[in-house]
Structure formats: C-alpha cells, structure tokens
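Peer 1: For reference, the chains in residue letters:
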Amino acid sequence: NAGVMQNPRHLVRRRGQEARLRCSPMKGHSHVYWYRQLPEEGLKFMVYLQKENIIDESGMPKERFSAEFPKEGPSILRIQQVVRGDSAAYFCASSPGSWGEKLFFGSGTQLSVL
Amino acid sequence: DQQVKQNSPSLSVQEGRISILNCDYTNSMFDYFLWYKKYPAEGPTFLISISSIKDKNEDGRFTVFLNKSAKHLSLHIVPSQPGDSAVYFCAASARGYDMRFGAGTRLTVKP
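Just so you know, the protein sequences line up as chains A and B, in that order. Going by the numbering used here, the first residue of the first sequence is number 70, and it counts up by one from there. Going by the numbering used here, the first residue of the second sequence is number 82, and it counts up by one from there.
A hint or two may mislead.
[Claimed, not checked] Facing chain B, according to a computed beta carbon distance under 10 Å, are these residues of chain A, among others: (1) 73; (2) 77; (3) 81; (4) 110; (5) 114; (6) 127; (7) 134; (8) 153; (9) 154; (10) 162; (11) 171; (12) 175; (13) 176.
[As the list claims (entries may be wrong)] Chain A is nowhere near these chain B residues, computed Cβ spacing over 12 Å in every case: (14) 94; (15) 95; (16) 164.
Keep in mind the hints are simulated off the structure, nothing from the lab. Where is the CB? At the ideal position from N, CA and C, for every residue including glycine.
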C-alpha cells in the first residue's frame, strides 16, 4: 500500500520558468495539504484541498502560486515565474478526514531555482 | 506569526539517557498536538499525539506532556537510542487542519 507519493523528488528551474509539483495521496485519503520548508525553518502551511475544492489557501502567496486537486489525478502545486526565494522543500500530506486526523507526508520535492 | 515555537534548534544526549524536547504555543484555540520525526531526505512521520482533554499520552519509549495553562508541551524519549537521531517537529491544530509546525529540534543521540 503506497504512501503519499510526490514527484519529482528534485526539480531545477531557472528564474521565470514554471514549476509543477505533483502529489498523489494515500489510497482512501481525500484531503490534501501542501507545506513548504525553507532552509533552517519549520513547515509552513500553504493550502488545504479536498477533491475539486480549495478549503483553505491562507498560507499561499497571493501571486504566482496555485493549487488544485482534480476529481481524477494527483494534486498539483503550480508556481509560475519562479524566483530564487521559491527554492525550498515542498511537502504534501494527506489524511482520510479533516478533524483531528494526523497527516501522512510524502518525501517532498526539493525545488531549486537557479 | 509563529504560533508554535521550538526554541532549541538542537539537542544532544547520551544513549540510554532521557531526551526532552520542548514546544510552546500561543494560540489558545489549539486543541490537538502532535510530534513528527523527520530523517534527512524524507518526509515527516507521525510519532505521537495528544488532545487538549489530556495532559499525558504514552507510547512505548515516547511520552508527550501537555500543560495547557502554560501553553507548553514536551516530548520525552526514554531511553534514547542512536536511531532516534532526527529532527523533531511539534505541531498543533485547531479545527483539525491548518496544522502549525514549529521550526524543529535536531536531536543527536550519541552512542
């Protein structure tokens, strides 16, 4: 039974390019969360999604960042026109429900912007 | 705003001794607290949790203590083992999601 799958593990982009990070939740989980970890910092909540719905995006930067979790397929975190400050580890987590549930994390995508 | 704080970036203990990791929070609405463990190049994995109706939860060598009046929780690992060496994140949530994480404490257990 696969856990939370994230790909790619490493992504290198040049400034101004687009980055697409994918996350497949654990089987049976319909709640997906994205977190970002900057060097030497903790995990910062970005967005919480259920299938086809964004529940809370209060942690997402207002520009260039978007997330979706379509009815079919993985959740996508999209960063347009990347800048060096976007370099970080991006973790996806899933849970079967939203109330009092612990999160199961993927191994993360390390984004490096040159 | 940092609602969950882990003020010790690192901790080093001898194998067999107790490790105590601390965490403070500011949001009195938090009602669920968790500890995650993270190895390099891996995602965090759940370790132990406690709800606000309890003040202690134990699971094997790991015990979490919650002091609501002080808005403080701690993780005790007894006895510590070299395999416990990792970064430990404290997390808290209200409403069940929007889980807030601390900056982490790097634990090193020396043989």
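Peer 1: For each hint, tell me whether it holds in the structure or not.
Peer 2: Hints versus structure:
no., hint, result
1, 73, "7 Å, holds"
2, 77, "14 Å, violated"
3, 81, "16 Å, violated"
4, 110, "6 Å, holds"
5, 114, "6 Å, holds"
6, 127, "7 Å, holds"
7, 134, "17 Å, violated"
8, 153, "21 Å, violated"
9, 154, "18 Å, violated"
10, 162, "8 Å, holds"
11, 171, "5 Å, holds"
12, 175, "5 Å, holds"
13, 176, "5 Å, holds"
14, 94, "22 Å, holds"
15, 95, "26 Å, holds"
16, 164, "19 Å, holds"
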